[in-house]
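Protein chains: 2
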Amino acid sequence: MLQKVNIAEKLTLFNEHWSPKITGELNGQHVKLAKLKGEFIWHKHDDEDELFYVLKGCLIMEMRDQTIEIHENEYLIIPRGVEHKPIAKEEVLIMLFEPASTLNTGDQQNEFTKNQLDKI
Amino acid sequence: MLQKVNIAEKLTLFNEHWSPKITGELNGQHVKLAKLKGEFIWHKHDDEDELFYVLKGCLIMEMRDQTIEIHENEYLIIPRGVEHKPIAKEEVLIMLFEPASTLNTGDQQNEFTKNQLDKI
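Those sequence lines, one after another, are chains A and B.
Here the first sequence stands for residues -7 to 112, where the numbers follow my numbering.
Here the second sequence stands for residues -7 to 112, where the numbers follow my numbering.
Don't take every hint at face value.
No copy is singled out in the list; a pair is fine if it fits within one copy or between any two copies.
[As the list claims (entries may be wrong)] DSS-like cross-link-like pairs, simulated, lysine-lysine; straight-line CA separation at most 27 Å: (1) Lys(-4) to Lys81; (2) Lys81 to Lys106; (3) Lys(-4) to Lys36.
In case anyone wonders, no lab produced these hints; they're calculated from the structure.
A quick note: this is a predicted structure, and the numbers were derived from the prediction, not measured.
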């Protein structure tokens, strides 16, 4: 039987920052939830476009030639190949929509890298 | 330059029911907004999984073997091949994630069918 996903409920299931959780899969894409706080690293995804939907808070997306503030109920699509650096001055809750193949740190490997994501 | 999408702003740009508008594209998928009211038709998508995210109101999704009420900030993924019939007793505002190839009435063709969707 199919089951719906309640976003608020899923968000109670984890607290770590910068650790996306998979809540759904369709057409080879994942729907993820994440909690962000602080500064992430500069990176890009060579083969994946990435959608950031802000559920709560304000996400600052730095790119090399522009900076965009994404507020609640706004989204931004970062096309493949575009370097970006997400910054959350206060905690930000987001939904991500991106190919199942997407690595959170893209072309970079460091302490932020999550090779295996939990499904919740 | 990239631009973010403000959902509330986009929703002011149209009023028709059952006429999805494209607000974004990534990885061959479309992000659409739609306003629903009344009963849609039974249909299925042979090759596309479809995500219904409820922004406002309550969407009743009838399937042949179950019915799910999707409330605000909840989503449901209908896998390809699953017959479904959306019902909105009061107006419902939704966001859709689905392949760019998706026809709104799936395997059915009738007065609800939209062969060409507007980008807003």
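Cα distance capped at 27 Å. Does Lys(-4) pair with Lys81 within a copy, between copies, both, or neither? between (32 Å within a copy, 19 Å between copies)
Regarding Lys81 and Lys106, is the shortest C-alpha distance of 27 Å or less found within a copy, between copies, in both, or in neither? within (22 Å within a copy, 43 Å between copies)
Up to 27 Å CA-CA - Lys36 versus Lys(-4), copy category: For Lys(-4) and Lys36, only the inter-copy Cα distance (18 Å) is at most 27 Å; the intra-copy one is 32 Å.
Violated hints are absent here; each numbered hint is respected by the structure.
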